[in-house]
Structure formats: structure tokens, C-alpha cells
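*Asks:* Chain by chain, the residues:
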Amino acid sequence: MSRPTTTVTRNILLISSLALCQLAYAQSRTFEVADGQPVAKAVEIIEGIYGLPITYEDTTVVNESQLEDVTEQVQRTPDPSHRIMGIKPRTISFTCKLPPAAPPSGGSSQTGAEAEAEVANALSSVLDGYAASGGPETFTVTKEEGIFHVVAINFLNKEGKLQQLTPILDTKITILPRQRTRLGLFQEICQSLTKATGISVGEMDFPFNGGSLQAQTKTTISGSDVTARSLLSMLLAEMAAPVSRDVVVQGPNGQRLTRNIADKGSPLSWKLFYSPGWGYTLHIRRLTAAGRCGQVSASQL
Amino acid sequence: MWKQTVSDPGGDNFFGFAVQETDAGGGVDACWFPNQDGVIPTTTVTGGEWMVQDGNTWGEDYVGSLPKTVAYYRAQNRVPCEITVHQQMQMRCSDDAWHNYGPVNTLQSIITATTVTSVRAGGTATRRY
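Just so you know, the protein sequences line up as chains A and B, in that order. Residues 480 to 780 in my numbering are what the first sequence lists, from first letter to last. Residues 3 to 131 in my numbering are what the second sequence lists, from first letter to last.
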């Protein structure tokens, strides 16, 4: 819940990142992000620039010095008895080496390894920027099977002391072996996490219409006493994988023809956000093909 | 959730055809506000693909807000409010390309303190939730 000035800054940055996707600069650029969760915002910008999935897991914010009353900015129907707390914005800067333009013949002029190295450097710069801004929490960056994970590992407790945080997605849960839809699995992971931790983990974004083939396809992903993160990774890998299937099309003379079509799949990532007094929300989002800078919505429309 | 029927003047059988939704632009999310909770505005359709079933029906098309989203906007005293997006349906044809069919559909999710409403192409369904 940011102040209007913060929102303006954020919008400028978003426009900036969209432009970068189209123009593909080939130099370093320094970004400035002002947000209550500036690391998350920076991660989204880097993800948009490189088109590589980067997941993000928030810290917990309980210390009053990090919170502000945003009731008047948020409430449409004023209710003085119901105060809404937001996280105070923090400004960080980071440097990102922008990918070179694709050659005229198409394809990428940058190898996957080069891009991953640049993403790792950019994420390192983000965390340095966060620390330099006085941000108290620590984040780790890991890479597993081509996906970067940015995870908070501590938080500022009510007494103002740094306290170790067990990342919510490190929680071990059990998903029984049976067929369920991909959307159903996503919901079950959130429900299992809520039950196991006693902290609300709500499913907020799913990257496809809930009734579509992509959401309703059955999955056999399961696991006993495994981390929620590993289950989510399997789900993302399955949903992002190329698929081929037979569809019927109408031929030139009106006849029915069966044709095999191949869908190359679209990269996905998740974001786990914390909201004071609300708990965590889990978002699976698609990196859009058009510059992969877009975001999908919180609703199924 | 909505279930649709696709038809043409010739009464053709479209069983097995692939259809998808695309965004037709002009979406407005009047529930959303700048926040740091990771909640982003809904201004486009989510996207997805369906296969036409027996009887030329396809669906379900999920139109509305997820339970957590409804709860979020209620908790922030943002209701009543509505989200409007525009959907263009497409069908995969023999040239392997997607082609528009039918008019642009207006989809809405309306949230009040006690109800949720789903609107699709002139059809409306309201439930206490």
C-alpha cells in the first residue's frame, strides 16, 4: 500500500522496464525502485528484462517501525474502527547489464549461460542495494534447474532484533498421490501450507483461466513430507513445458481435418507476498512473450 | 463458470476444434488500488485454451474473482467495486492461425460486501458469498 508518490515512481520504473524489453539496450543501467517490497519489485524488473523465471518469497513484517497507517489512502468506505497497515516504502538502487539486441536473423545473441550469469549479477546488486538502503532483512539467491529463487531468511521482530525466518515454502507438506487438476494442485498446496504453518497462505493468481485446458489438465504430481517449494517447482515445470496435441480444423472444402499442434509453453514464476494482518498470498504468473514484461491478473476473467 | 455454445449458420459440428480467449483491450479494475501486497490490477483476460465438446459446447470459462481476491478487497473496504475486461474468442483454423469469431464479450466481476456477481456477454449471475 504505497503513497501516491511511491506509485508514480513505481509506474515510471515499470514503463522504463517495458521500454527496455522493446529496445534491448546493450549497456549497464542503474534502476531505482521505491516500494514497500523493493526487492520483489526489482526481481520483477530483472525477470522482465531477461525473460528468465525468478521466484520471490517475502519476509514477515511485524515491527512497528516498518509499518504505516494507510487507511485513508485505501478505504473507499471510511471506517475509523478498521485501520489498515501497510509496509513503509524503501528506495533501493541496483545495476543491471541489459541484454544485447537480437541479431536480424532472429534468435538471441546471448547464450543462456550468459543471461543466467547476468541475472545472478543483477540480483546480487539488488541485495547490495537493499542492504545499502538500510533494509534489515537478508535474502538468499539460489538457482535450481534454471530457476532463480530469492528467499527472505530473517525478519525484524517486534523488539527490533533480527530473527531467523523459516521460509514458508520450506515447510514440508504431503500431497497424496492421486490425479487432480493443476489448478486443484495449486489450491491444495496453499491449503496444506496454511494448515501446516497456521499462517494464511492464499492462492491469488493463477496464470491461466481456471476452466482452460492449461488449468484443468490432470497432474499426478504428489509428494510425502516434501517442501512446498519443490512441489511448486514441479507444477511450474509441468505447466511451462511444451505440449503437443491433436485438434480438429476445417479444411479448405469444409472437411474436418485432424492436426497435431505444438505449443512451446510459456515461462512461469511464483511470488509469495506478505501483507500485515493478512498473511501470505501466492501468485503464479506468466512471463509474457511480448518482451516478457507483462503480468497477469489477480482474477480469472 | 460459464459454458458456451459455438455455432454457425451452416450448423457445423465443431467437436474437437480448439478455441482460445484473447484480450480485446479497454479493461478497467475499479477495485484495485496501489498496494504492496502483490495484488495487481485485472485489466486483461487471463488467457487459456479449450476444446469444443459434444454439442458444440465449450467451457467452463471462469469469470470472476478468486475467493482470496474477494476477501482482500472486502478487508480493505474497497467494496462495492467492479472489474471489467473485454474478451475476443478465437478458433484455430486450417492455416494453423487463430481467427476471431463472434463479437467482443464484456466480462465483469462485481464484488459487494455480501455478494459476488459474474457477467459474461450479457448474462449475469449473482451469489451470496
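Hints in this document: simulated from the structure, not taken from any laboratory. Keep in mind that the hints are not guaranteed to be accurate.
Claimed, not checked - Facing chain A, from chain B, some residues (calculated, C-beta under 10 Å):
hint, residue
1, R80
2, Q90
3, M93
Stated by the list, open to error - Calculated from the model, a selection of chain B residues having no Cβ within reach of chain A, i.e. all distances over 10 Å:
hint, residue
4, T116
5, T126
6, R129
What the hints assert, rightly or not - Straight-line Cα separation of at most 30 Å, DSS-like style, residue types lysine-lysine; simulated pairs:
hint, chain 1, residue 1, chain 2, residue 2
7, A, K697, B, K5
8, B, K5, A, K651
9, A, K651, B, K70
10, A, K637, B, K70
11, A, K697, A, K637
12, B, K70, A, K567
13, A, K674, B, K5
14, A, K651, A, K576
15, A, K637, A, K576
16, A, K674, A, K622
Cβ coordinates follow ideal geometry from the N, Cα and C atoms, glycine included.
*Asks:* Now, for every hint given, state plainly whether the structure supports it.
*Replies:* Evaluated hints:
1. Interface hint at R80(B): satisfied, since its Cβ lies 5 Å from the closest Cβ of chain A, which is below the 10 Å cut-off.
2. Taken as an interface hint, Q90(B) does not check out: its beta carbon lies about 13 Å from the nearest beta carbon of chain A, beyond 10 Å.
3. The interface hint given for M93(B) holds, since its Cβ lies 9 Å from the closest Cβ of chain A, which is under the 10 Å cut-off.
4. Interface exclusion of T116(B) from chain A stands, the closest Cβ pair being 14 Å apart, more than 10 Å.
5. Once the 10 Å rule is applied to beta carbons, T126(B) is consistent with being away from chain A; the minimum gap is 14 Å.
6. At roughly 15 Å, the least C-beta separation between R129(B) and chain A is larger than 10 Å, which holds for a residue marked as non-interface.
7. Only pairs whose Cα atoms come within 30 Å are accepted, and K697(A) paired with K5(B) is accepted, the gap being roughly 20 Å.
8. A hinted pair counts as satisfied when its Cα atoms are at most 30 Å apart, and K5(B) with K651(A) does not qualify at roughly 38 Å.
9. The straight-line distance between the Cα atoms of K651(A) and K70(B) is roughly 23 Å, inside the 30 Å bound, and the hint therefore holds.
10. Note on K637(A) and K70(B): the hinted pairing holds, with a Cα-Cα distance of about 27 Å set against a maximum of 30 Å.
11. Between the alpha carbons of K697(A) and K637(A) the distance comes to roughly 44 Å, so the proposed pair goes past 30 Å and is violated.
12. Restraint check for K70(B) and K567(A): satisfied, since their Cα atoms lie roughly 23 Å apart, inside the 30 Å limit.
13. Of the supplied pair hints, the one linking K674(A) and K5(B) is violated, its CA atoms being roughly 34 Å apart against a limit of 30 Å.
14. For the hint pairing K651(A) with K576(A), the CA-to-CA distance comes to about 37 Å; that exceeds 30 Å, so the pair is violated.
15. With a C-alpha separation of about 38 Å, the suggested pairing of K637(A) with K576(A) is violated against the 30 Å cut-off.
16. With a C-alpha separation of about 28 Å, the suggested pairing of K674(A) with K622(A) holds against the 30 Å cut-off.
Consistency note: the structure conflicts with the earlier hints numbered 2, 8, 11, 13, 14 and 15.
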